[in-house]
Amino acid sequence: MILFAHGLVARSDLPIPQWLFGWAAAMVLLVSFVALAVLWPEPKLQQEHWKPAHGALSRVLTSRPLEIVCGAIGAALLVLVVYAGLRGTQSSTANFTPTFIYVIFWLGLVPLSVLFGDVFRAFNPWRAIGRGVGWIAARVARGGLPAPLAYPERLGHWPAVVGIFLFAVMELVASDGDQPDTLAVATLLYSAITFVAMALYGVETWIARGEAFSVYFNLFSRVSPVEVRNGVLGLRRPLSGLAALKPGAGTVPLLAVMIGSVSFDGAAEAPIWTGIAPDIARFFQDLGLSPQRALELTFLLGLIAAILLVYGFYRLGVLGAKSVGGGFSADRLAREFVHTLVPIALVYVAAHYFTLLLFQGQALGYLASDPLGDGSNLFGTADSQIDYTLIGANGTWYWQVGFIVTGHVAGLTLAHDRALALYDQARLAVRSQYWMLAVMVGFTSLALWLLSQANA
Amino acid sequence: MSTAQRIALIVAAVVVAIVAFVVAGSGGDDEPQRSSATTSAQTDTGKDSGEPQATTETSPPEPAVTQIQIRDGAVVGGAKTIDVVRGDTVRIVVSANAPDDIHLHGYDIERSVEPGRPARFRFKADAEGAFEIESHVAEDAGRDPLVARLVVSPS
Numbered sequence: 368m369i370l371f372a373h374g375l376v377a378r379s380d381l382p383i384p385q386w387l388f389g390w391a392a393a394m395v396l397l398v399s400f401v402a403l404a405v406l407w408p409e410p411k412l413q414q415e416h417w418k419p420a421h422g423a424l425s426r427v428l429t430s431r432p433l434e435i436v437c438g439a440i441g442a443a444l445l446v447l448v449v450y451a452g453l454r455g456t457q458s459s460t461a462n463f464t465p466t467f468i469y470v471i472f473w474l475g476l477v478p479l480s481v482l483f484g485d486v487f488r489a490f491n492p493w494r495a496i497g498r499g500v501g502w503i504a505a506r507v508a509r510g511g512l513p514a515p516l517a518y519p520e521r522l523g524h525w526p527a528v529v530g531i532f533l534f535a536v537m538e539l540v541a542s543d544g545d546q547p548d549t550l551a552v553a554t555l556l557y558s559a560i561t562f563v564a565m566a567l568y569g570v571e572t573w574i575a576r577g578e579a580f581s582v583y584f585n586l587f588s589r590v591s592p593v594e595v596r597n598g599v600l601g602l603r604r605p606l607s608g609l610a611a612l613k614p615g616a617g618t619v620p621l622l623a624v625m626i627g628s629v630s631f632d633g634a635a636e637a638p639i640w641t642g643i644a645p646d647i648a649r650f651f652q653d654l655g656l657s658p659q660r661a662l663e664l665t666f667l668l669g670l671i672a673a674i675l676l677v678y679g680f681y682r683l684g685v686l687g688a689k690s691v692g693g694g695f696s697a698d699r700l701a702r703e704f705v706h707t708l709v710p711i712a713l714v715y716v717a718a719h720y721f722t723l724l725l726f727q728g729q730a731l732g733y734l735a736s737d738p739l740g741d742g743s744n745l746f747g748t749a750d751s752q753i754d755y756t757l758i759g760a761n762g763t764w765y766w767q768v769g770f771i772v773t774g775h776v777a778g779l780t781l782a783h784d785r786a787l788a789l790y791d792q793a794r795l796a797v798r799s800q801y802w803m804l805a806v807m808v809g810f811t812s813l814a815l816w817l818l819s820q821a822n823a
Numbered sequence: 002m003s004t005a006q007r008i009a010l011i012v013a014a015v016v017v018a019i020v021a022f023v024v025a026g027s028g029g030d031d032e033p034q035r036s037s038a039t040t041s042a043q044t045d046t047g048k049d050s051g052e053p054q055a056t057t058e059t060s061p062p063e064p065a066v067t068q069i070q071i072r073d074g075a076v077v078g079g080a081k082t083i084d085v086v087r088g089d090t091v092r093i094v095v096s097a098n099a100p101d102d103i104h105l106h107g108y109d110i111e112r113s114v115e116p117g118r119p120a121r122f123r124f125k126a127d128a129e130g131a132f133e134i135e136s137h138v139a140e141d142a143g144r145d146p147l148v149a150r151l152v153v154s155p156s
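Residue numbers (the working numbering), protein chains in the order written: chain S, 368 to 823; chain E, 2 to 156.
Extracted from the complex, chain S is given alone in its bound form (with noise of 0.2 Å):
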């Protein structure tokens, strides 16, 4: 069985060998006896040491003109794909809009985000035109516009949970969601739901809690030790950012969301659900729909149970660590320790898209030149071609199980610091790190089970 949106995918990566994912849990192990030995006794990252960095570069990238390009940039390229996937040729791989949204946008923000932080809010089109449009309102309305509304606290993330699960339906369980006609038409209705909900709540408020793709790049920037704070560029502890992290309402779904749409993406290759997807498929043909219909109402059930599982596996941590005591409700421990699993998220992206995003990426290369597929050669570099032979099985093996296993330390890291701040007794916010610890294990050896399973 093939999946739908993946007409990008022109090459998948093989099942990491038997003995590279024993090394990997061996490894895994080690780091985490490790880990508990050497780490400090004295919470570290709750606070971020945020300095900012004088000095001419800081100036030019914090000025406003560049501010404004980079804005007019994200703009542009938002008209641009709206413009292909309408206009250009209607095959998923030779049109622009697919590509960039599901390659470039998505996988590629989000190392440019962990390396030097916030990116996104920079090209961010909604927020660059949100904006421009306040600017110049406030300028006609002689008298000033109305304040905005108060952001409901109950509302927290859960616009950008729907956001984001609905994109990876888009992704993942859409028979179509490659289709660039019908990219073009979600970037449309996606552009204006942000716009009314900006024009409702401010156009910041939206960004920083409601809008998808910015809540979604900034968590992953919190990583980064780079922040631009009231317009000044600054440095602070790498991972101390997401200490900093305010969960709300939704922020725990928002994770679930996020490492179980990948996760589904990987077990949807694994004979575990090749064997019964077809069969659940066929249940639905049976009650009258139509065979695409059942396989996408099939596949979106997956997506969900894998979303439910991941949800229900971090609870079930939590109520071990409520267990020992200190007087927190469930809800409260699961919002102090979310943002340990960010990093989890993080690498869960990584390992499994990174040679997507290494060879798609490339495709950029005759995209540009032709975006619309109709033989144009803008830039000259209409007939370049993807690499495939840029980075081998072994290689990529190392690179997953690398990037799973720093994740895991990262993580619990995390998860060791929170306890030591949030416990006033020693004895338990060691035991409560246990509990973060078996899940941070649990989440650590289902991505490396996924990578063994790949196309299995």
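If you're looking for bench data, these hints aren't it; they were derived computationally from the structure. The C-beta atom is built at its ideal place from N, Cα and C for all residues, glycine as well. Warning: the hint list may mix true and false statements.
To be verified - A short, non-exhaustive set of chain E residues, derived as facing chain S with CB atoms under 10 Å: (1) R7; (2) V12; (3) A14; (4) V17; (5) A18; (6) V24; (7) G107; (8) D127; (9) G130; (10) A131; (11) S154.
Dock chain E against chain S, hints included.
For chain E alone, kept in the frame of chain S given last:
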């Protein structure tokens, strides 16, 4: 956490490392056998297809040919996996009783097939990974387009 506990954990970590080394060391020996098994399976593919093979001991053998038949839009026997090692010369012959375009993704080789005129692929497998061979006619008709999967393992 007391110093004694910390030392105990470090000892546990060392034990895990030693056990892993021993287990991996004994398990690693069968690696060469596994890869030779792949090679023999691949030669079998050639024999199954009934293609006469040059089996003279001295000259290098012709690469095995994988035969795939598409009848009435369906792959006879279902889509199979073709296992090769990087550097191998791969030969695939696809025959069909209706016109079709057969596309090997990644290597990006496309061949048309007509009744009585099979599509012949012959290329050197220089990129590792799993690649799909698809039928464009099935894809356009909304059917499962998978004809076969080519798996290129490291040599």
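> Holds or violated: is the Cβ of V24 of chain E closer than 10 Å to a Cβ in chain S?
Replying inline: The hint holds - V24 of chain E has a Cβ within 10 Å of chain S, the shortest such distance being about 7 Å.
> Taking 10 Å as the limit, does the beta-carbon of V12 of chain E come near enough to a beta-carbon in chain S?
Replying inline: holds, 9 Å
> Going by Cβ atoms only, is V17 of chain E closer than 10 Å to chain S?
Replying inline: This interface hint holds because 5 Å falls under the 10 Å limit.
>> Holds or violated: the hint that A14 of chain E contacts chain S, with Cβ atoms closer than 10 Å.
In response: holds, 4 Å
> Measuring from the C-beta of G130 of chain E to each C-beta in chain S, is the shortest one below 10 Å?
Replying inline: holds, 4 Å
> Given S154 of chain E as an interface hint, is the shortest Cβ-Cβ distance to chain S below 10 Å?
Replying inline: Status holds, d = 7 Å.
>> Checking hints one by one. Is A18 of chain E an interface residue toward chain S, by the C-beta closer than 10 Å rule?
In response: holds, 6 Å
> If you take the shortest Cβ to Cβ gap from A131 of chain E to chain S, is it below 10 Å?
Replying inline: Status holds, d = 4 Å.
> Going by Cβ atoms only, is D127 of chain E closer than 10 Å to chain S?
Replying inline: holds, 6 Å
> Against chain S, with CB atoms and a cut of 10 Å, does the hint on R7 of chain E hold up?
Replying inline: Holds, because the Cβ-Cβ distance from R7 of chain E to chain S comes to roughly 4 Å (cut-off 10 Å).
> When the nearest CB of chain S is found for G107 of chain E, is that gap smaller than 10 Å?
Replying inline: G107 of chain E check passes; min Cβ-Cβ to chain S is 4 Å, inside 10 Å.
In this structure, none of the earlier numbered hints is contradicted; all agree with it.
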